[in-house]
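Q: If you read the sequences in order, they're chains A and B. Using the numbering used here, read the first sequence as starting at 4 and increasing by one per residue. Using the numbering used here, read the second sequence as starting at 26 and increasing by one per residue.
Source of the hints: derived by calculation from the structure; they are not laboratory data. Do not take every clue at face value.
On the chain A side, residues computed to face chain B include the following (Cβ under 10 Å) [claimed, not checked]:
1. 113
2. 171
3. 238
Cβ coordinates follow ideal geometry from the N, Cα and C atoms, glycine included.
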Amino acid sequence: MRTSILTSLIGLGLAVVPLAAQSTDAGGPAFNGLRTPTSPAFVLLGIAPTEVERPNTPADLAFSVLNRSAAFTSLPKDVALEISPYWLVKHPTLTWEADSVRGLGSSIARTMTISFATAELGTTTRPVTGLALGLRAAPFSGRIPARTAARLRELGDRLGIESHVLADLRAERLKVLERIRTQELEAAGSDSAARREALNRFTAARGELTRTVMQSPQYLAAVDSTEETFRDLAVNREGFVLEFAAGAALQAPGGSADSASLARWGAWITAGYEGKSLSFVVVNRFLASSVDSTFDALDLGMRLIYTSGRYAISAEGSFRSFTESGAPSNEYRVAALVDFELQKGLWVTGTFGRDYTAAAPGSLIAQIGLSMNVAGERVKIPGP
Amino acid sequence: MPDPVEKSDFYPVKANTPVTLSIKIGEGQVGGTDVSFDGASLGSGAITNLPVGTAGQDLKNKSVDCLTTVRRQNASSGKTSVTYTLKGGVQDQDFTYDDATLSQMGDRVVYDVSFVFS
Chain A
4 MRTSILTSLI GLGLAVVPLA AQSTDAGGPA FNGLRTPTSP AFVLLGIAPT EVERPNTPAD
64 LAFSVLNRSA AFTSLPKDVA LEISPYWLVK HPTLTWEADS VRGLGSSIAR TMTISFATAE
124 LGTTTRPVTG LALGLRAAPF SGRIPARTAA RLRELGDRLG IESHVLADLR AERLKVLERI
184 RTQELEAAGS DSAARREALN RFTAARGELT RTVMQSPQYL AAVDSTEETF RDLAVNREGF
244 VLEFAAGAAL QAPGGSADSA SLARWGAWIT AGYEGKSLSF VVVNRFLASS VDSTFDALDL
304 GMRLIYTSGR YAISAEGSFR SFTESGAPSN EYRVAALVDF ELQKGLWVTG TFGRDYTAAA
364 PGSLIAQIGL SMNVAGERVK IPGP
Chain B
26 MPDPVEKSDF YPVKANTPVT LSIKIGEGQV GGTDVSFDGA SLGSGAITNL PVGTAGQDLK
86 NKSVDCLTTV RRQNASSGKT SVTYTLKGGV QDQDFTYDDA TLSQMGDRVV YDVSFVFS
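For reference, chain B alone in the conformation it holds in the complex (with noise of 0.2 Å):
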C-alpha cells in the first residue's frame, strides 16, 4: 500500500456557526470516508452534508479529521481524487487532492487531511 497522502489546510469560519462538510471521491474510483471532530467520531462511509459542530460553538483553531480510503476499481484509469467540500464558513470552499496513482485494480490509498477552523 502507498503511503498515506497528508494533507492539512485552515478553513475560516463564522463566530458560534456550525459548517457542513461533504466528500466526493472522483475519478471514477470508490472510496468510504471516517471523520472526527474535537476527538469524537461524526460519520463513515459516504458523506454529504455532514454538520461540523452545532449552532452556538466556537469552531476556531479546533479541526476536523478525515481518513478517506480509495480503492481502485476503474480500470481505465489509476488516477484518485478527493474532493472535501466545506459550507458555512466564511465561504464555500472546495479542497481537491489528488497525489496518489494506484497502479492495479484494487489497489489503495489513504487521504490523511484535516481542517483547521480559523
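The following block holds chain A by itself, in its conformation from the complex (with noise of 0.2 Å):
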C-alpha cells in the first residue's frame, strides 16, 4: 500500500492538497459515496459505529437478539448488527472451487447481508431513538479469475507439504503411541465401551504430541514460509458484478413504538465490470426524507479505470438531480484521475476537473502531488 506522505508538490500555479486530504475531498469519494453500501442501515442512520456484531451461528443472532432488547422488553439501544443469512449456517460441501463461479440464485444468497441499527438521535431532554433497518445483495457477483483459481490450488498443495512436515516430524512418536493403542484395542476386544475409551486416550495422547510438534522450528518455519509465498494472494472477484441495497430508518420520539415513523430511506444500484487491468462501473443512488424533503436526490454516476503496472487511469462523472419542487437545481461533476509511478515508490498523482457545485469557490479540481512508498522499508536499529 502506499504510505501518502506527500513532500513535495510540483507547481503550475494549482492546488495544493496532501493525497490523505484528497480522499476526503476532490478524488475518488465523491463518487465512491454513491456506491452501493455494504451496511444501508448505518449509512441511513448516518452513524459509523466502530463496533459491528456480526453473529455466525442462529445461536450467536439469537443471543445477541435477546442480550440487546433485554429480552423483547425494550427497544434495543446503540446496535450495529449486520447478518449474513447463508453463512449464519453450515455449509460443509460447499469447495472454494464451487463457489468460483455463481448462478443467479447463489449470488443472491451468498451475498446477501442485513444490517439493523439504533442509535440516540435526540437530546436528553427530548430523546429520539433513531432506528434502520437495510438490505444488500447482489445478482451477480463476478467469478474467481483462473489465475486465482491457480493460485489457491498452489496454496492447497502448499499447504498439504506443511501438513506432511507436521506429520514427519511427529512420525516416530505416533508410532509408539499407535502401537499401545493397538495393544489395548486387542485387550478390549469386542467391548464396545472399552474400545471407544482406548481410542479416546490414543486421541488425547495423540493431541498433546501434535500441539507440542506445532511449536517446533522445523513446523514454524514451514507455516511462515507459506506465509510468505502467499502474502500477496488477495481473492478478487472478476467479471460482471450487480449490487442492489435498500433501506429505511425509522424516528421514534423517547423511545416510544407508537410514536415511530418513517424518516429517510434509500436504494442503491451499482453495476460493472472489474477485469484485470480495466474496470467500469455504473451506480444509481436515490435518497429521500420524510421530515425534509428539500434534498431528495437522484444521483447517477459512472467511472472508468485502467490500470497498468506502471500507472493508472481513471474517469468519473456524477449527476445530481432533486426531485422536489424549488429545490436546487441539477448539479453535476466531473474528474479524471491519473496515477504515474516515476520510479520505484516514487508516485505522481494528479487530478482535474469540476465539482458539484461550478460557481462555488475551490469547485475547480487541479491537484498534482508526488507520494512515496516507504512501507516496505526496513531500518536496522543499532544493537547495543
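Got two chains here, each in a separate frame; can you build the complex from them with the hints?
A: Here's what the structure looks like:
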C-alpha cells in the first residue's frame, strides 16, 4: 500500500492538497460515496459504528437480539448488527472451487446481508431513538479468475506440504502411541465401551504430541514460508457485478414504539465490470427524507478505470437531480485521475475536473502531488 | 494459531479388502492434507479416492492418520469444515468435522484425525 506522505508538489499554480486530504476531498470518494454501501442501515441512520456485531451462527444471533432487547422488553439501544443469512448456517460441502462461479440464486444467497442499527439521535431533554433496517445483495458477483484459482490450488498443495512436515516430525512418537493403542484395542476385544475409551486415550495423547510438534522451529519455518509465498494473494472476483441495496430509517421520539415514523429511506444499484486491468462501474442512488424533502435526490454516476504496471487512469462523472419542486437545480461533477510511478515507490498523482457547484469557490479540481511508498522499507536498529 | 481439532473414529472394514479415502474442505476455505497409513506417507495435497491398504491386506486395528491444514480465504465466513469420506468398508461413510472458526483472513487450523479400522 502506498503511504501518502506528500513531501513536495509540482507547482504550476495548482492547488496544493496532500493525498490524505484528497481522499476526503475531490478525488474518488465523491463517486464512491454513491456506491452500494455494505450496510445501508448505518448509512441511513448516519452512523459509523466502530464495532459491528456479526453473529456467525443462529445461536449467536439469538443471543445478540435477546441480550440487546432485554428479552424483547425494550427497543435495543446503540446496536449495529449485520448478518449474512447464508453464512449463518454450515456449508460443509461448499468448496472454494464450487464457489468460484455463481449462478443467480447462489450469488444472491451468498452476498445477501441484512443490517440493523439503532442510535440515540435526540437530546437528553428530548430523546429520539433512530432505528434502521437495510438489505443488500448482488445477483451477479463475478467469478474467481483462472490465475487466482491456480494460486489457490498452489496454496492447497503448500498446506499439504506443511501438514507433511508436521506428520514427519511426529512420526516416530506416533508409531509408539499407535502400538499402545493397538494393544489396548486387542485387549478390549469386542467390548465397544472399552474400545472407545482406548481410542479416546489415544486421541488425547496424539493431540498433545501434535500440539508439541507444532511449536517446533521446523514446523514454524514451514508455516512462515507459506505465508511469505502467499502474502500477496488477494481473492478478488472479476467479471460482471450487479449489486442492490435498500433501507429505511425510523425515528421514535421518547423511544416509544407508537410514535415511530418513517424518517428516511434510500435505494442503490451498482453495476459494473471488474477486469484485470480495465474496470467500469455505474451507480444509481436515491435518497429521500420524509422530514425534509428539499434535498431528496437521485444520483447517477459512472467511473472507468484502467490500470497498468506503472500507471492508473480513471475518469468519473456524477449527475445529481433533486426531485422536489423548489429544490436546487441539477448538478454534475466530472473528474479525471492519473497515477504514474516515476520510479520504484515514487508516484505522481493528478486530479482534474469540476465539482458539483461550479460557481462556488474551490469547485475547480486541479491537484498534482507526489507520494512515496515507504511501507516496505526496513530500518535496522543498531544493537547494544 | 488455534489448537488443532483432534478426532478419532472407528471405520468397520471387510476382511482383506482395501478402502479409499477422499477429503473435502468445506465453507469455501482452502486446505491441504497429509495422509499416512501404517507409519508411511500415502499422499499430500488434495486427496481424492486415495487407496488405503492393498488387496488381501488385513486392515483391522490399523489406522489411517490425516493432518489437514485449513486456511481462511473466504471473506464472508470464518467457519471451517473437513469431510473425510471412506469407501470400501462395511458401508461408505462420511465423517464431517467443523469444530474451528477462524476470525481473520489467513488464519489457519490443523485437523488431526485418525480412522481406526475395525
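Q: If a hint holds in the structure, say so; if it does not, say that too.
A: Evaluation of the provided hints:
1. 113: With a minimum Cβ separation of about 7 Å from chain B (threshold 10 Å), the hint on residue 113/A holds.
2. 171: At 8 Å from the nearest chain B Cβ, residue 171/A passes the 10 Å test, so the hint holds.
3. 238: Since the shortest Cβ distance to chain B is 6 Å, the answer is holds.
Violation of the numbered hints given earlier is absent; every hint is satisfied by the structure.
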